[in-house]
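K.L.:
One-letter residues, chain by chain:
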Amino acid sequence: MSHGDFAKLLEAYGVPGFAWAVRLRRLAAGEDEAHAQHADGVWAHGTTVIAVKFDKGVLNVADRRATSGNAIFSEEAEKILKLDDETLIAIAGSYAAAFEAVRFLQHSFKYYARSQLQEMSLEGKLSEVSRVLSRSLPGALQGIGGFLPIVSAFDKERNEGRIFFYDVMGARFESREFGAAGSGAERIRGSFEYIVRTKGPFHTMTLEEALRETLLLLEIAASLDTATGGIRQSLPLAKTVTAEGVSDVPEELVRSIQKALVKE
Amino acid sequence: MAFTPYDWQQTLRQKADYVEDRLREGSPVVGLSCHEGVLLVTVRRAQQQKIFEIYDRLAFAGLGNQSDLETIRQLAVDFAHAEGFARSPQDVSIQRVVGVALSPAMKRSFSDPLRLPLVVRGLFAQVGETPESDLFYLLNYDGEFSLAHRFGVAAGTEGAREAMERLCSTRTNKKILKHDAAIELALEAWAVGRREALAESASDWRAVLSQALKTGGTAEAALLERASRRERRFRFLSADELKPFLPV
Chain A
902 MSHGDFAKLL
912 EAYGVPGFAW
922 AVRLRRLAAG
932 EDEAHAQHAD
942 GVWAHGTTVI
952 AVKFDKGVLN
962 VADRRATSGN
972 AIFSEEAEKI
982 LKLDDETLIA
992 IAGSYAAAFE
1002 AVRFLQHSFK
1012 YYARSQLQEM
1022 SLEGKLSEVS
1032 RVLSRSLPGA
1042 LQGIGGFLPI
1052 VSAFDKERNE
1062 GRIFFYDVMG
1072 ARFESREFGA
1082 AGSGAERIRG
1092 SFEYIVRTKG
1102 PFHTMTLEEA
1112 LRETLLLLEI
1122 AASLDTATGG
1132 IRQSLPLAKT
1142 VTAEGVSDVP
1152 EELVRSIQKA
1162 LVKE
Chain B
6 MAFTPYDWQQ
16 TLRQKADYVE
26 DRLREGSPVV
36 GLSCHEGVLL
46 VTVRRAQQQK
56 IFEIYDRLAF
66 AGLGNQSDLE
76 TIRQLAVDFA
86 HAEGFARSPQ
96 DVSIQRVVGV
106 ALSPAMKRSF
116 SDPLRLPLVV
126 RGLFAQVGET
136 PESDLFYLLN
146 YDGEFSLAHR
156 FGVAAGTEGA
166 REAMERLCST
176 RTNKKILKHD
186 AAIELALEAW
196 AVGRREALAE
206 SASDWRAVLS
216 QALKTGGTAE
226 AALLERASRR
236 ERRFRFLSAD
246 ELKPFLPV
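Keeping their order, the protein sequence lines are chains A and B.
So for the first sequence, our numbering puts the first residue at 902; every next one is plus one.
So for the second sequence, our numbering puts the first residue at 6; every next one is plus one.
Errors might be hidden in some of the hints.
Heads up, simulated EDC-like pairs for lysine to aspartate or glutamate below, C-alpha to C-alpha not over 20 Å straight-line [stated by the list, open to error]: (1) A:Lys983 <-> A:Glu1024; (2) A:Lys983 <-> B:Asp245; (3) B:Lys183 <-> B:Glu137; (4) A:Lys957 <-> A:Glu1087; (5) A:Lys1057 <-> A:Glu1075; (6) A:Lys1057 <-> B:Glu236; (7) A:Lys983 <-> B:Glu236; (8) A:Lys1057 <-> A:Glu979; (9) A:Lys957 <-> A:Glu1075; (10) A:Lys909 <-> B:Asp22; (11) B:Lys112 <-> B:Asp22; (12) A:Lys983 <-> B:Glu230; (13) B:Lys179 <-> B:Glu41; (14) B:Lys248 <-> B:Asp209; (15) A:Lys957 <-> A:Asp1056.
Treat the hints as calculated values from the structure; they're not laboratory data.
Using the sequences plus the hints, can you model the full thing?
P.N.:
Structural data, given as structure tokens:
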């Protein structure tokens, strides 16, 4: 009996959940040194993912580049994913770790709801993300396999969008206006503050206004960080979470703002 | 304690009689393919839920002891999620859940003379890309299961099941119903099964349904949506959505 705990279910079924976590524990314990020496540069890394509030909820945008060392792996990477119909996660860091964690979380939420016949609370979901992060800690400490997520959700009780970010050990923080992660995000951190102080808080902006600001931020991040694809190479990914749940921002809207920004 | 083959056969017969007795007055469940997805309909007593979401494309409904329904449901949910994570959600099929995970385990349990039989008859449904690819599996308390297309029913007696299947078969002959027509047919099928099982004399199916609703029954219906933007395709129809179809 797992009482809705998906990790326990996987144990009972002998499913090797978190194969990467096991590998990383071995690496951290020095049992797999041959791989450890080569691991640097094998894992996909840098990026820029951004979450900001807007008047109807939370907007997430991300560039599409995945890198490994100074090689570009892909210009079509998806770094904003649906955890469930009401929750988005934007990921920066090791792809292998993040993707396995997201798959785990998706199943974990669904499993809880279906087995317990009630939805998992927002608080419950956020702690589950913490737990997953603490499992990937050995990898994070080695400089490989760590990842940082930004979770966006619509809080139906408060009737507002909420943004949460985490440190590598799984500590959770809530952000009032915006959150960003990845190598590019570090370099543009001050710009968010500048926008809030000069143009007003993100949560009063319309979707279009917020989208324009965030795409411009992505473009600036790309000019300062080689691991960020920006908005020129491929169309950035943009999703929202509102009272109606998660949805994609229409491609035409993203494209029209992208065109205008590139021309400027 | 030693068992002769005679004892063993006798035990199985007694077990089957025991279960059949308890299923006889159970409220039937109806599954129907429609354009919008797969519809599951029943009437439950008070708060005892009878229709359940199992996995992305799978749902389950049944009659019998609530605790036994729960056993089957949890086994199915556990298996589906462990498999869906280990491989992919597309690899979780009704055939694997019912045929591989549940049926053999139920057969073993039923043939064990020292175990109490599960009092349950369940209907599993899987929504496909098209109504033609929807699947229904009827799972019996002894682990036996059978496959059906277009519609599937589970009822307390053979007679009730046949009457319901006859009705559904005539009405869905060579056509796929729309959502509203499917709800209406499902409710009618439920009432026909109910009338047959209880050997009631009412000629109008609406009277049977109305009587059930007046005596503590609540109509319960869920839809596994065929084309959905949402991760979770399963949703219960609200009381407001059902109201127009129920007798006043």
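K.L.:
Hint by hint, note whether the structure agrees.
P.N.:
Outcome of the hint check:
| no. | hint | result |
| --- | --- | --- |
| 1 | A:Lys983 <-> A:Glu1024 | holds (17 Å) |
| 2 | A:Lys983 <-> B:Asp245 | violated (30 Å) |
| 3 | B:Lys183 <-> B:Glu137 | holds (14 Å) |
| 4 | A:Lys957 <-> A:Glu1087 | violated (27 Å) |
| 5 | A:Lys1057 <-> A:Glu1075 | holds (16 Å) |
| 6 | A:Lys1057 <-> B:Glu236 | holds (19 Å) |
| 7 | A:Lys983 <-> B:Glu236 | holds (9 Å) |
| 8 | A:Lys1057 <-> A:Glu979 | violated (27 Å) |
| 9 | A:Lys957 <-> A:Glu1075 | holds (18 Å) |
| 10 | A:Lys909 <-> B:Asp22 | violated (38 Å) |
| 11 | B:Lys112 <-> B:Asp22 | holds (16 Å) |
| 12 | A:Lys983 <-> B:Glu230 | holds (19 Å) |
| 13 | B:Lys179 <-> B:Glu41 | holds (17 Å) |
| 14 | B:Lys248 <-> B:Asp209 | holds (19 Å) |
| 15 | A:Lys957 <-> A:Asp1056 | holds (12 Å) |
In this structure, the hints that do not hold are numbers 2, 4, 8 and 10, in rising order.
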